[in-house]
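Work out the full structure: start from the sequences and follow the hints.
6 protein chains.
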Amino acid sequence: MLGERSIVRADGRKVDELRPVRITRHFTDAPEGSVLIECGNTRVMCTATFTAGVPRWRKDSGLGWVTAEYAMLPRATAERTDRESVRGKIGGRTHEISRLIGRCLRGVADMKALGENMIQIDCDVLQADGGTRTASVTGAYVALVDALNWAEQHRHIRSAKKVLTDCVSAVSVGVISGTPMLDLPYTEDSSAMTDMNVAMTGSGTFIELQGTAEHRPFTREELGTLLDLAEKGNKELQAAQRAALAED
Amino acid sequence: MLGERSIVRADGRKVDELRPVRITRHFTDAPEGSVLIECGNTRVMCTATFTAGVPRWRKDSGLGWVTAEYAMLPRATAERTDRESVRGKIGGRTHEISRLIGRCLRGVADMKALGENMIQIDCDVLQADGGTRTASVTGAYVALVDALNWAEQHRHIRSAKKVLTDCVSAVSVGVISGTPMLDLPYTEDSSAMTDMNVAMTGSGTFIELQGTAEHRPFTREELGTLLDLAEKGNKELQAAQRAALAED
Amino acid sequence: MLGERSIVRADGRKVDELRPVRITRHFTDAPEGSVLIECGNTRVMCTATFTAGVPRWRKDSGLGWVTAEYAMLPRATAERTDRESVRGKIGGRTHEISRLIGRCLRGVADMKALGENMIQIDCDVLQADGGTRTASVTGAYVALVDALNWAEQHRHIRSAKKVLTDCVSAVSVGVISGTPMLDLPYTEDSSAMTDMNVAMTGSGTFIELQGTAEHRPFTREELGTLLDLAEKGNKELQAAQRAALAED
Amino acid sequence: MLGERSIVRADGRKVDELRPVRITRHFTDAPEGSVLIECGNTRVMCTATFTAGVPRWRKDSGLGWVTAEYAMLPRATAERTDRESVRGKIGGRTHEISRLIGRCLRGVADMKALGENMIQIDCDVLQADGGTRTASVTGAYVALVDALNWAEQHRHIRSAKKVLTDCVSAVSVGVISGTPMLDLPYTEDSSAMTDMNVAMTGSGTFIELQGTAEHRPFTREELGTLLDLAEKGNKELQAAQRAALAED
Amino acid sequence: MLGERSIVRADGRKVDELRPVRITRHFTDAPEGSVLIECGNTRVMCTATFTAGVPRWRKDSGLGWVTAEYAMLPRATAERTDRESVRGKIGGRTHEISRLIGRCLRGVADMKALGENMIQIDCDVLQADGGTRTASVTGAYVALVDALNWAEQHRHIRSAKKVLTDCVSAVSVGVISGTPMLDLPYTEDSSAMTDMNVAMTGSGTFIELQGTAEHRPFTREELGTLLDLAEKGNKELQAAQRAALAED
Amino acid sequence: MLGERSIVRADGRKVDELRPVRITRHFTDAPEGSVLIECGNTRVMCTATFTAGVPRWRKDSGLGWVTAEYAMLPRATAERTDRESVRGKIGGRTHEISRLIGRCLRGVADMKALGENMIQIDCDVLQADGGTRTASVTGAYVALVDALNWAEQHRHIRSAKKVLTDCVSAVSVGVISGTPMLDLPYTEDSSAMTDMNVAMTGSGTFIELQGTAEHRPFTREELGTLLDLAEKGNKELQAAQRAALAED
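Quick note, the sequences are listed as chains A, B, C, D, E and F, same order. First residue of the first sequence? That's 1 in the UniProt record's numbering, and the numbers climb one at a time after it. First residue of the second sequence? That's 1 in the UniProt record's numbering, and the numbers climb one at a time after it. First residue of the third sequence? That's 1 in the UniProt record's numbering, and the numbers climb one at a time after it. First residue of the fourth sequence? That's 1 in the UniProt record's numbering, and the numbers climb one at a time after it. First residue of the fifth sequence? That's 1 in the UniProt record's numbering, and the numbers climb one at a time after it. First residue of the sixth sequence? That's 1 in the UniProt record's numbering, and the numbers climb one at a time after it.
Hints should not be assumed to be uniformly reliable.
Repeated chains share a single entry, so a pair holds when one copy, or any two copies, can fit it.
Think about it this way: if two alpha-carbon atoms lie no more than 20 Å apart in a straight line, the pair counts; the simulated SDA-like pairs of lysine to any residue are [said to hold, decoys possible]:
1. LYS112 - SER190
2. LYS89 - ARG99
3. LYS112 - HIS215
4. LYS232 - GLU221
Honestly, the hints are just simulated from the structure, not real lab data.
Below is the structure:
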């Protein structure tokens, strides 16, 4: 791994270096939590909507619910993508990512402490340059914290802290021309042999691990290196989350 | 009208005063034109996508096409609105506004000079506080200019100037508790007896006029006052457009 | 304007002359109000359905609701248009017109006097020759009156008269080759530089004003002439409504 | 059967008596064939659209295509039914009937003689009082003849007569309180134990036979009586078709 | 008919001979009734789901409900057919068949004896070689019996026997090159001039009769022969049902 | 891990023991590859459809395409699930799994060697008892091999062996009450703290790794144990695939 650290990437980063992260809270006024997260050129607007009460299937369970929806604006990408509303249906990729974000957040939220309340996360990608789903998880967590604090202040829940069992962030890692690398922008991502998204808690455990190797299978050794990189990246992202949440 | 000018509105404006306007060009990197327009608290991201070629029904006509799609992010509003992609269909209001924006831009674009090329405008409302459709028109025009200039530089079209026959902006006016006012924020808009959206060219002619009086019909005299206000507002918005386009 | 009056149109009419109007009440048996309106070759069947009770979002408000749906039969037009049911979605134009008709009728209906009852207007175009949306408004008003009278007779509401604050009709006007004209058939409509639909009450005030100038913007002076024409046309249409309602 | 003939029905008819039939050709102007058929209070508008060319799957086969779509206007019935366009999908009943009408007409049309041309039949029910699908078949045949004659006059096909191998009409029969009856209006239809729709050619053969006995199975003997009634009814309907086609 | 009996078909059967029938109960574990029916190469999995309670429109009627859904797996056929879930809508043929199966089963079920309970039949075609809808009816009846027995054992209903007023099976018949034949496989079916599906009760009465003669109308005499064949076939199918239900 | 091996599960298996696997080839006749795979009570029908040619977006690339669709029959589960065709849209879970299966198979298929041909995999779950997606991958691989052999025999491709770069199977692992276990049936799966699906090649590398820990994050050490179990399971599944493919 040491040797690989001397490789310089297209954007000048080292193999184990994150792109610059910027987290802007209170990005818009209406939502209970509203965050703009920028990871390099990737920009995602994450809002958290707090609603007293839960969907019908969850009623009288004493438990809350956290869910997420992900979408790309049509011109977040180099080529314009048709709106899913116009096509009349949601694509598989969108579904997959929405579900991933929801699971990551539920992985650090105590549904009992939330009580019968619902939090809906919306992650809308304004600009896409790789890693939109992991940036969404990282930004959504901050929006979630803000929404829970709002709910505590407005006495919908007893304690925001009791709902949150840990923090969560996510990052992508992948093998590019044989070299494992951290935080892939679009050009790297599309040429990756292996591509993995790793969501981790503040205490260093895994919530989601999604590795895909359509182009070349990966060995258990490569997996080890990728997880090392992901751990390093997630620690730094969690520091950025803490810094953002410290401001006010 | 003089007397009315002394009325002070909830946000401190005079009856014939616009909300502060801010137009940010190059808001995102990918689109040929990308504009963030802010009218008070209303914020709309307007992108223009240039594509060589036209849809099938327009082929071999020698004419271009300009079209628009409008959408609200789920939490642009005080209450979260469900995504139209999730509901599987586009609502009437969205359709209505998308069509309005398209007509306004086509009203100042010479389809022959554009040649067989297409420009797709996307207006996505990040935050809604009244006047989202008129802000969309005003911002979209600037994105359109940028996309046409890009097309000229990349030799897809001969001359951006020849495509644009004039500039266009739009503003809302309405009668609130009997007083005609310019540029309504959400609270005024929802209590308006009469509500009118007026799109005008730089030469002071009308492209679109949509007055609706579900709550109290309006007289021809009131119409006159509303059009005076709209003319004043549109002139100022066009000055803001020019100022934004002068930068670079 | 005097000079223009000598212009003779393709169908022999003067510039300020309506096409022949025929309003047939009780066109079908089942609806509470059922009207066939014919404006020249345009024929629209307008039915009004009275239902005790209101949709969920309107419950316990003490207020009623009036809504409208517009549709074209597939072969109302020269070329067959695919059914929206078959395509699985409603187009923008249909949405736009349905909403317009609903607003026009609500503009003359007192929701409090209606009480928690709903009236659904259906306007189905059997034959289209321009002006289908304005004919729909004019015919729908008559169907609405019949449905309210039915509701009064069946003691669902106290008084039909108290619900109706005024009458409403609508007509199209436009600028054809530089000349403002009243009540455009399809051939004129499709070649119009400017096209405006004007819904007015019996007392001469405006409920809806929708001017669109995709092909050539219009001046304030032209607007004045167009509104004069619309006023004349609407007065005549309202006379036809009164005549139809006087029969029985 | 003799004894049964003395039974008098709610509307005064004998058990083997059709409701009054009225067939109006050229009901609207645009379609190549346009027919209003009235069977008692049931009223269906049937149009036939001739298009040169066939759908892709039929190309280069030398064969034509005849297809049909059936729909009910929302207030054709006592209770308003929601539009299928609004619900976003076509119901099973609509599909079933559209397919039935298409098969009946194809049953008397020679696809080779039609050549690579398409005829689309639209049957829209303005008022429903039982037997809408059989009235549709009977009316659609007349519209088909008119469209074929139009196509012959406009030299799209050689000979309308060669396309039509026979005429076709349809009628409903059913067992009401144990008595087989011809041509059921809504009240009889909904109380029928057995309900059968029978489409027959001019030469007395069957094209479609759809008997359903959700409420009480029927014996082979009852079937015989029902077919006798259907034969009588179809002969009279075909006489009405001939009479309508003789006018001009 | 005697002469025709000497005709030998492609698969060696006589004109009045059924394909081999195999009915496997308890094909899967979860459903209250689960049957695999094989008629020659046609294989349909029929499950019956018992649910206490009825849909909203049926509440407080004291009556139960039996309904059915039919579908083909994509590769049941020689050419793969797209999934209706992927296409986003159910085709006319599927609707038609689902409704047919439902009516057949309701034709032998006493809704009062069922009480406010619902049975949902699912017929999924694993392999299609003609007669899938009739095999579905025949198999679904056996699944229905199993589900009713389950419901009796679990005390949801008093008596399965009281619900079932008779048994029901269905078979296809048709005229191939002028010869009436029983139980058509795909190759015969697609070349049939006339095609009829006949559902009969154990007592020999008809529940559904669907004859279609898109390619050549049929005479009343041919109808007689077809019904004779159908009667023979259904008797044998009902024997197979009884045999399957006798095992356990 | 040794200690854990003494734990006995509800179904009597050891923690590192697979459920009995049964792979039946040529399950149905029509598809180029047709496999029924049974893993314990989970039963999935996997078919492979070979089509000469590729979708439009892949034309003239010289490359083939392999894709997959997954679906559950409504009564594969204890409670009936509504058909996605009836609901009019495909759910997120279905999308997610279909995409996973497609990626796994593409991970062992050389698109160049396949040439411009397409293979569509359909995995339909007849009975679900946990691990339906991993059983689908394992069964689909066998169907893929059969379809490629068919294509070689019919000279659509040069060599089936050259297309397949390796074999692939998948298995689920998870942590149940603190103990890592192999191949989870439904009851274990739904109570798992952590749940991971692992697709591996015959050479022991990873193609897909999807770990999710909605209920309790997992440590890197647990991950290690889970991967050991998955490796053992996949080796056994690949032996079963080889055995099935050896027969004929």
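Using 20 Å as the alpha carbon limit, work out where LYS232 and GLU221 are close: within a copy, between copies, both or neither. both (17 Å within a copy, 17 Å between copies)
Check your understanding: Is it within a copy, between copies, both, or neither that the alpha carbon of LYS112 lies no farther than 20 Å from that of SER190?
Key -> between (41 Å within a copy, 19 Å between copies)
Open item on the list: For LYS89 and ARG99, with the copy left unspecified, which applies at a CA distance of at most 20 Å: within, between, both, or neither?
Closed with: So LYS89 and ARG99 pass the 20 Å test inside a copy (16 Å) and across (16 Å) alike.
Pop the pair LYS112 and HIS215 into one bin, within, between, both or neither, using alpha-carbon distances up to 20 Å. Intra 43 Å, inter 13 Å, cutoff 20 Å: inter-copy only.
Every hint, counting from the list given before, is met by this structure.
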